[in-house]
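There are 2 protein chains.
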Amino acid sequence: MRMSQALIPTLKESPAGAEIISHKLMIRAGLTRMLSSGLYSWLPLGYKVLRKVEDIVREEMDRAGGQEVLLPILSPQELWQQSGRWDLYGPELMRVRDRHDRIFGLGPTHEEVITDLARREIGSYRQLPIILYQIQTKFRDEIRPRFGVMRAREFRMKDAYSFDKDSEGLEKSYQKMYQAYCRIFTRCGLDCRAVEADTGPIGGEISHEFMVLSDSGEDEVIYCDGCGYAANINRAEYAKGRNQREEVRIQTKPLKKVKTPGMKTIEEVTTFLKCKPENLVKTLIYGIDGRPVVILIRGDHQINESRLADLLCARNLALADEDLIYKVTGAPLGFAGPVGLKGIEIIADSAVAEMSNFISGANQPDMHMLNINIDRDFKTDRVADIRRVIPRDRCPKCERELSFTRGIEVGHVFKLGTKYSQRLGATFSDSKGHRRPALMGCYGIGIDRLIAAIIEKHHDSEGIVWPLAVAPYQVSIIVVNSDDSRQADLGEKFYEQMVSEGIEVLLDDKPQRSGVKFKDADLIGLPIQVIVGTQSVKKGKVEIRLRESGQEFRVPPEDVLPKIKSLIQAAR
Amino acid sequence: MRMSQALIPTLKESPAGAEIISHKLMIRAGLTRMLSSGLYSWLPLGYKVLRKVEDIVREEMDRAGGQEVLLPILSPQELWQQSGRWDLYGPELMRVRDRHDRIFGLGPTHEEVITDLARREIGSYRQLPIILYQIQTKFRDEIRPRFGVMRAREFRMKDAYSFDKDSEGLEKSYQKMYQAYCRIFTRCGLDCRAVEADTGPIGGEISHEFMVLSDSGEDEVIYCDGCGYAANINRAEYAKGRNQREEVRIQTKPLKKVKTPGMKTIEEVTTFLKCKPENLVKTLIYGIDGRPVVILIRGDHQINESRLADLLCARNLALADEDLIYKVTGAPLGFAGPVGLKGIEIIADSAVAEMSNFISGANQPDMHMLNINIDRDFKTDRVADIRRVIPRDRCPKCERELSFTRGIEVGHVFKLGTKYSQRLGATFSDSKGHRRPALMGCYGIGIDRLIAAIIEKHHDSEGIVWPLAVAPYQVSIIVVNSDDSRQADLGEKFYEQMVSEGIEVLLDDKPQRSGVKFKDADLIGLPIQVIVGTQSVKKGKVEIRLRESGQEFRVPPEDVLPKIKSLIQAAR
Numbered sequence: 001m002r003m004s005q006a007l008i009p010t011l012k013e014s015p016a017g018a019e020i021i022s023h024k025l026m027i028r029a030g031l032t033r034m035l036s037s038g039l040y041s042w043l044p045l046g047y048k049v050l051r052k053v054e055d056i057v058r059e060e061m062d063r064a065g066g067q068e069v070l071l072p073i074l075s076p077q078e079l080w081q082q083s084g085r086w087d088l089y090g091p092e093l094m095r096v097r098d099r100h101d102r103i104f105g106l107g108p109t110h111e112e113v114i115t116d117l118a119r120r121e122i123g124s125y126r127q128l129p130i131i132l133y134q135i136q137t138k139f140r141d142e143i144r145p146r147f148g149v150m151r152a153r154e155f156r157m158k159d160a161y162s163f164d165k166d167s168e169g170l171e172k173s174y175q176k177m178y179q180a181y182c183r184i185f186t187r188c189g190l191d192c193r194a195v196e197a198d199t200g201p202i203g204g205e206i207s208h209e210f211m212v213l214s215d216s217g218e219d220e221v222i223y224c225d226g227c228g229y230a231a232n233i234n235r236a237e238y239a240k241g242r243n244q245r246e247e248v249r250i251q252t253k254p255l256k257k258v259k260t261p262g263m264k265t266i267e268e269v270t271t272f273l274k275c276k277p278e279n280l281v282k283t284l285i286y287g288i289d290g291r292p293v294v295i296l297i298r299g300d301h302q303i304n305e306s307r308l309a310d311l312l313c314a315r316n317l318a319l320a321d322e323d324l325i326y327k328v329t330g331a332p333l334g335f336a337g338p339v340g341l342k343g344i345e346i347i348a349d350s351a352v353a354e355m356s357n358f359i360s361g362a363n364q365p366d367m368h369m370l371n372i373n374i375d376r377d378f379k380t381d382r383v384a385d386i387r388r389v390i391p392r393d394r395c396p397k398c399e400r401e402l403s404f405t406r407g408i409e410v411g412h413v414f415k416l417g418t419k420y421s422q423r424l425g426a427t428f429s430d431s432k433g434h435r436r437p438a439l440m441g442c443y444g445i446g447i448d449r450l451i452a453a454i455i456e457k458h459h460d461s462e463g464i465v466w467p468l469a470v471a472p473y474q475v476s477i478i479v480v481n482s483d484d485s486r487q488a489d490l491g492e493k494f495y496e497q498m499v500s501e502g503i504e505v506l507l508d509d510k511p512q513r514s515g516v517k518f519k520d521a522d523l524i525g526l527p528i529q530v531i532v533g534t535q536s537v538k539k540g541k542v543e544i545r546l547r548e549s550g551q552e553f554r555v556p557p558e559d560v561l562p563k564i565k566s567l568i569q570a571a572r
Numbered sequence: 001m002r003m004s005q006a007l008i009p010t011l012k013e014s015p016a017g018a019e020i021i022s023h024k025l026m027i028r029a030g031l032t033r034m035l036s037s038g039l040y041s042w043l044p045l046g047y048k049v050l051r052k053v054e055d056i057v058r059e060e061m062d063r064a065g066g067q068e069v070l071l072p073i074l075s076p077q078e079l080w081q082q083s084g085r086w087d088l089y090g091p092e093l094m095r096v097r098d099r100h101d102r103i104f105g106l107g108p109t110h111e112e113v114i115t116d117l118a119r120r121e122i123g124s125y126r127q128l129p130i131i132l133y134q135i136q137t138k139f140r141d142e143i144r145p146r147f148g149v150m151r152a153r154e155f156r157m158k159d160a161y162s163f164d165k166d167s168e169g170l171e172k173s174y175q176k177m178y179q180a181y182c183r184i185f186t187r188c189g190l191d192c193r194a195v196e197a198d199t200g201p202i203g204g205e206i207s208h209e210f211m212v213l214s215d216s217g218e219d220e221v222i223y224c225d226g227c228g229y230a231a232n233i234n235r236a237e238y239a240k241g242r243n244q245r246e247e248v249r250i251q252t253k254p255l256k257k258v259k260t261p262g263m264k265t266i267e268e269v270t271t272f273l274k275c276k277p278e279n280l281v282k283t284l285i286y287g288i289d290g291r292p293v294v295i296l297i298r299g300d301h302q303i304n305e306s307r308l309a310d311l312l313c314a315r316n317l318a319l320a321d322e323d324l325i326y327k328v329t330g331a332p333l334g335f336a337g338p339v340g341l342k343g344i345e346i347i348a349d350s351a352v353a354e355m356s357n358f359i360s361g362a363n364q365p366d367m368h369m370l371n372i373n374i375d376r377d378f379k380t381d382r383v384a385d386i387r388r389v390i391p392r393d394r395c396p397k398c399e400r401e402l403s404f405t406r407g408i409e410v411g412h413v414f415k416l417g418t419k420y421s422q423r424l425g426a427t428f429s430d431s432k433g434h435r436r437p438a439l440m441g442c443y444g445i446g447i448d449r450l451i452a453a454i455i456e457k458h459h460d461s462e463g464i465v466w467p468l469a470v471a472p473y474q475v476s477i478i479v480v481n482s483d484d485s486r487q488a489d490l491g492e493k494f495y496e497q498m499v500s501e502g503i504e505v506l507l508d509d510k511p512q513r514s515g516v517k518f519k520d521a522d523l524i525g526l527p528i529q530v531i532v533g534t535q536s537v538k539k540g541k542v543e544i545r546l547r548e549s550g551q552e553f554r555v556p557p558e559d560v561l562p563k564i565k566s567l568i569q570a571a572r
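Taken in order, these protein sequences are the chains called A and B. Just so we're aligned, residue 1 is where the first sequence starts under the working numbering, counting upward by one. Just so we're aligned, residue 1 is where the second sequence starts under the working numbering, counting upward by one.
Honestly, the hints are just simulated from the structure, not real lab data. We put the CB at the ideal spot given by N, CA and C, even for glycine. Heads up, some of the hints might be wrong.
As the list claims (entries may be wrong) - Straight line, CA to CA, 30 Å or less: simulated DSBU-like cross-link-like pairs of lysine-lysine:
#1 432(A) x 493(A)
#2 172(B) x 257(B)
#3 264(A) x 253(A)
#4 12(B) x 432(A)
#5 172(A) x 259(B)
#6 432(B) x 12(A)
#7 52(A) x 52(B)
#8 538(B) x 510(B)
#9 538(A) x 510(A)
#10 510(A) x 432(B)
#11 565(B) x 52(A)
#12 52(B) x 565(A)
#13 510(A) x 563(B)
#14 257(B) x 165(A)
#15 510(A) x 172(B)
#16 493(B) x 432(B)
#17 165(B) x 12(A)
#18 563(A) x 510(A)
#19 165(A) x 510(B)
#20 172(A) x 432(B)
#21 493(A) x 172(B)
#22 541(A) x 519(A)
#23 432(A) x 510(B)
#24 259(B) x 327(B)
#25 565(B) x 510(B)
#26 253(A) x 342(A)
What the hints assert, rightly or not - Over the 10 Å line for every Cβ pair with chain B, so calculated as not near, a few chain A residues:
#27 36
#28 67
#29 179
#30 240
#31 392
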C-alpha cells in the first residue's frame, strides 16, 4: 500500500480521555476511531491486524477440530426465556423489537442459539464429540465503556461450543480448547496465564480465564510461584490456619457501648477509638434474592461477593441501601453491628469466628459496641470463607506465599456441563438408546481486546512494536525525500519487488518532511523499516532497521529483497 | 474434513415453505438453518462457501484500490437525522435504545457513518480519491422475509463508498467498481447484466443493479437485444410514438352516464360494457407527501410509481384508502373518474392524453361515464410518461422491440453525488483552498443472496453443482463400503495425500449405505468425486467423476492425486 493513497490518519497527540497506552496508540496510529461511546470503527490499518488475529484464531480452532459457523446476531427472546437468562442478564443485553412486536436480544454470547441448533441437529452419540465456533460481532451494553476497544459495547468475539456425550469427553474438549488458546496467544506474541475464574452469567462448573499480565489490566490475579496455582481475585482461595495469627484465647471482657459521633468508616472509627482495623468487624447488610442477610467481615478484610453468591446459590446480590439498613438495624449506615439483631440470617467470615472482644456498630446512631464475642453476645447462622485473598495469604495448594498482579482477560473457557442442554432439551441417544443431555463447554476470545493487549505488551515510547505475525504490514519503506526522483524511483522499485514476492509492505511516498515520516513509521510500528535516502542513491547503501531492537543493516540495493526475506524468515 | 465428524445435516425432503430451488437445496444440503423468520444460521459447509465468496469480493475490491474497514453495526440516530433518513427509512430500520436512552439503528447501510468518518478524517483534495469498503452483517426488517437467505432480515453485505473531488473522479471510481463487480460475478460463475435502476432510499443521481437472470428472480428486467439497453422495470423507458397506435382523430361523442352496478375492476367493467381495456382510463387517487393527487392511466397499463415519485419529487407515495377516495370523489372505490373533480391536481399518462371518447368512473356509486374527452370535459394539470413498460414497447435508444425477463439483484451501485457529503458537511479543501463537498458513490453486494443466486444457476435434479471457485470443498471421496477395511484404508490414504497437498477434500467415511452416500455427494455438489469401491481395491481402478458433466475417469490408485490436481488446474 502507498501511504499517499491510504487512510492512515496518524496523530501527534494522544486523544483526550484515553487512559491506557493501547487506547492512545490505536487512535494515534490510525487503527481505530470512536463513533460513539463504546463503539469503534476499525480503519484500514487496524482492520488488517483484526483480520490477522482472526485468522490465527481460526487456524488454531480448525486445528483443534472446530467447525466454523455463523449464527444470527438477533437472538429470539423465547430461547433466552427457556434458559432462564432473559431476566437474569439485565441491561447489558440490548433488546430490540421487530415490526411484528417480536423481541430479540443482540447476542452478547450464543449458548442459547447453539444449544437450539444442537437439539435440532444432533440426535445420536455417533455425532459426538463436536466443537462449533464462530467469529462474530457481539454486543454488551456496558454501563461505563472505557479503555477504547478494551471495554466496548460492540466488539468481535470468537465463541466456541463443545458437545460431548460424557464428562471424560468434556474434559478432552476442554483441554483441546485450552491448548489451542495457549497456541493462539503465543502466536500473537503474548505470554498468558490461565487462572481459575468465576463462571458469572454464563454459568457452569469450572472456568479459566486467560490473562495477559499487565499493569493496565482491570483484573486482579493471584498466583503462586511455587506450584503454579493461579486464580482471579474473586475465585482465589488461601491456605487456612497457617496465615492466621495464632491467638491465645483471650479472656472475654464485658460488652460496652461507646459514643462515636459521625464515625462511620473503618478509618474514622480506628482513629477515634485508637484501635487497629483487625480489632473491628464490618457488619454488612446485603439484599440477596430479595431477602436481607447480615455479613460479618474483619475490618482489614474485603468481602468476596462471588464466593458469597456461590455459598448462598444467589442469583441477585447487592449491598443494601440506607432504607434497608435502617429497617434491619434501626440505625443509619455506618453503625450496624451483630448484637441484638433479630430474625435475620448472620454469616461470619472464618476470620471473624476466631476473633474475641471485637468492635462493631451498636445499631444506634453514633454508637459502637466494644468487646463483642460470638456465642456470648450473638449467634451466627453460618461461618464460611467469604473474604478476599490478601497479601501474605498462602497458596491453598502448596502454602507458599501468594503473589498479586494485574491482568487483561483475553479469553475465558467454561465447563458448562448440562446447564443449557438440560433446560433447552438438547439430548442425544446414547449407545443403549437412552436420551441424555449433552455435556457442553464454551470458549471465548475477545478479538478487539486481544489486539489492545498485544499493544500493551509490545510498544515503546515512540509507538507500537508489532510482532511480525500480527503486524498490519511486514515492512515500511520510507522515502526520505520524495522530491528526489532517484529516491522516489528506488523506493518504488523496492515496493514493486516486495509486492510481487508477496511481502506485505507500506510505502511512505507522501510529500512531507522526513522527520514526520520517521515518527510515523515508529508510531505505526511495522517490524522492518527500509530507509531510502541520500546514502542509498549516492553510496549504494540502503539502511534496514528493525523496529524492536533498533538493529541496523546497510546493504546494496540489490541485496535489499534477499535481506528482507531472510529477516522475515528469521522472525517467524 | 471427515463426514463422520462434520455437522452436515443433509435432508432427503425439501423443507415445508421453501418456494425456490436455492432455498430448498441450501437446507437439504445442510448449508443453513432457519433460527427465526428471516434469520439464518450458516452451518459449517455453508459458511465455507460464504467465506470463499467474501474472499473473492475482498480480492477484487482490493485490486480496484479499495481499503477494507469495519464500521459499527449500531448507528447513532443523530447521524441519520442529519442525513434526513431517520424518519424516511420507516420500519425496515430496526431501532434499539441503550441503557442511557440513546437510540441507535441497526445499520442497513452505512452512508451516514462513512460520511461522518470522511468529514473527520479527509480534509484535503490530496487525500482523494479514496474507496473504503467493509464486509459486514446488515439488518433490514423486511415485512415478509422469504426465499431463505434471498430476502432475509439479517445478512452479510459488502458495502463500498467512494469519495472524489469532482464528477470525473466519481465517474472513474464508479467505473472501477462496475468493472470489479463484473469480475466478482464472473469468478462466482454468474453471468450478470447491469441494468439501470431506481435509487430508492439510498438516493443519488444514477444507479445500476447487477442482475442474475433467473425465473426465480423477484425483479422484472427489461432489455434490448439490439443496443444492450437494460433497466429494472421501475426505471425502464420506451420509445415514444412509434409503438402507439397511430389513431385518426375521432369525432368526439356526447358525454353519457351509464349504470354499472357493482362493477369495480377493469375486467368487470369491460365485460359489462363490452369494450376493451384500452378504451378505459383508470382514475387512481394517491396520497403524495400528505396531499391527494389524481392519476390517469389507460386501462391496460400499469402505473410506474417510481417514475411518478421522481416526477413529483415525492418522499412518500401511496394509493389512497377508501376514506380518502370518498372524500375526493364522493364515490366508493372503483367509480372514480376525472370529470367534475375540483381543487385537485390531475396528472395523465401520455397514453391517456392521446385517447378520445374514453370510459372512466362517474364519481357516483355504481356509475361510469362514457365518451370522456380531455379539455372538453376536464383539464389535466400535467401529462407525463408514468406508465410501466409493456410487451411490444420499443427500446428508447434504438427502437428495437424490448425483451422482458426476471432477475435476482446481487449488486447495486449508486452515484450519490453530494447528497450525504452536503448534509453531513463532509468537505475538503480543493487545490485553491476552497471547501467543497466530496462526490460520493456507494456500491453494495448482498453476499447471502449472491450464494443463493449461484445455486439457482448451478444445480440439477440431484442437487447443487458448485463452480470450483466457491465450492465448500473441491473433492468428495466416497468410500463405498466403510466396513471393508481395504476400501476404508485406501479412502483414508487419498484423503491424507490430498490434505497434505492443500486440496480441500471431504471424506465420506460414514457407516451407511453407498446409495445414501452417492445421493449426499450429488446433493452437496462438490466438483470432483472420487469413488473408492470394490473395483478400486480389486482391480486397482479408482473412479473419478465430475459432478457437472458426469464425465468419468478410471485411474490406478497412484494416479489419483496427479489426476485430481490436473482436473483442478483445468477448472481454474
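Output the indices of the hints that this structure fails to meet, ascending. 1, 2, 5, 13, 14, 16, 20, 27 and 28
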